[in-house]
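Residues per chain, in single letters:
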Amino acid sequence: MRLADEWFHRAPGPAFGRIGVRPEDADLTRQHASEPLGERIILTGRVTDSDGRPVRNTLVEIWQANAAGRYVDPADDHPAPLDPNFTGAGRCLTDDEGAYRFVTVKPGAYPWRNHDNAWRPAHVHFSVFGPALGSRLVTQMYFPGDPLLPLDPILNSIPDAHGRELLVSRFDLATTIPEWALGYRWDIVVRGRRATPAER
Amino acid sequence: MIPTPSQTVGPFFGFALPQVEGQGDVRVEGQLLDGAGEPVPDGLLEVSGDGQFARCRTDEEGAFHFAVQQTSPFLTITVFARGLLRHLSTRMYFPGQEGDVPASVEAGRRHTLVARQDRGVLRFDVRLQGPEETVFFV
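Line order of the protein sequences matches chains A and B.
Start counting the first sequence at 1; every next residue gets the next number (the numbering used here).
Start counting the second sequence at 1001; every next residue gets the next number (the numbering used here).
Note that these hints are calculated values from the structure, not bench results.
Heads up, some of the hints might be wrong.
Example chain A residues on the side facing chain B (calculated, C-beta under 10 Å, incomplete) [as the list claims (entries may be wrong)]:
1. L3
2. R136
3. V189
4. A195
Idealized CB from N, CA, C, for every residue including glycine.
Put together the whole structure using the sequences plus the hints.
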């Protein structure tokens, strides 16, 4: 059922302040005694709304498999090794420009039994709150050049090619830190005040 | 600018997204059910409104619970689950607080928006599909 925007999409978003955020939560490589195995990456970008305004001080949460393609979640039974130095969960608040930044390792691809020989491309799950109910977003970010992207029914649940491209990060040499970590940039756009909500 | 498309929350968010019990003397209990009436064991619900926030996962029975304060006629409930490409949103009205919005819903489905008293707690089930499908808002 369609509700008037001012009753719904523009209503204040969830008061997520009771989810604590510490600075170290943004570095997924320093949550244990030692560093995780895998390709260390910096994952950064801006959150704006569809009217082009930065979304400041909003909660961004990420979760992912480890470099071997295994989640810490006990329900994941993929026979790839767990990494005692990697949980795969991070959170941060966007800054005054709407920017977020995580340090993590590149997740591995993993099989998921959806169909014969089904593999998920490497991806990082993102949750973004934004200022209004209508700006709430949960999605997945992918890596450029992944040969599994065209084969993935989840990415391909987005019918248009441009929409799918919006979920693929780009490698960025300027974000890359020499001798330390590769940089990927991915900008996020949440629904703004003028946006037309998608129908179900 | 085109909003970033939504993708499913998937099955493995439980270790990463902290649950928030909510605060208040009203306990709400419910079940998340699919179109066949089967429990959805790996769903996530967020409750918001009037400065309140709760976030809870469903268990193997599809059951969830949270605590709130009744300070407004309704709370917004957002549902995430592995089978949903995009989250769904509905409203939970407190009993006797139904206003214009439930009244504008067809009479046979209005009750899906209203919690009911059940032995000291409020009961509010969410049905994703089927004849008793909860009214969702866009």
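**Prompt:** Checking against the hints above, which ones are violated?
**Reply:** none
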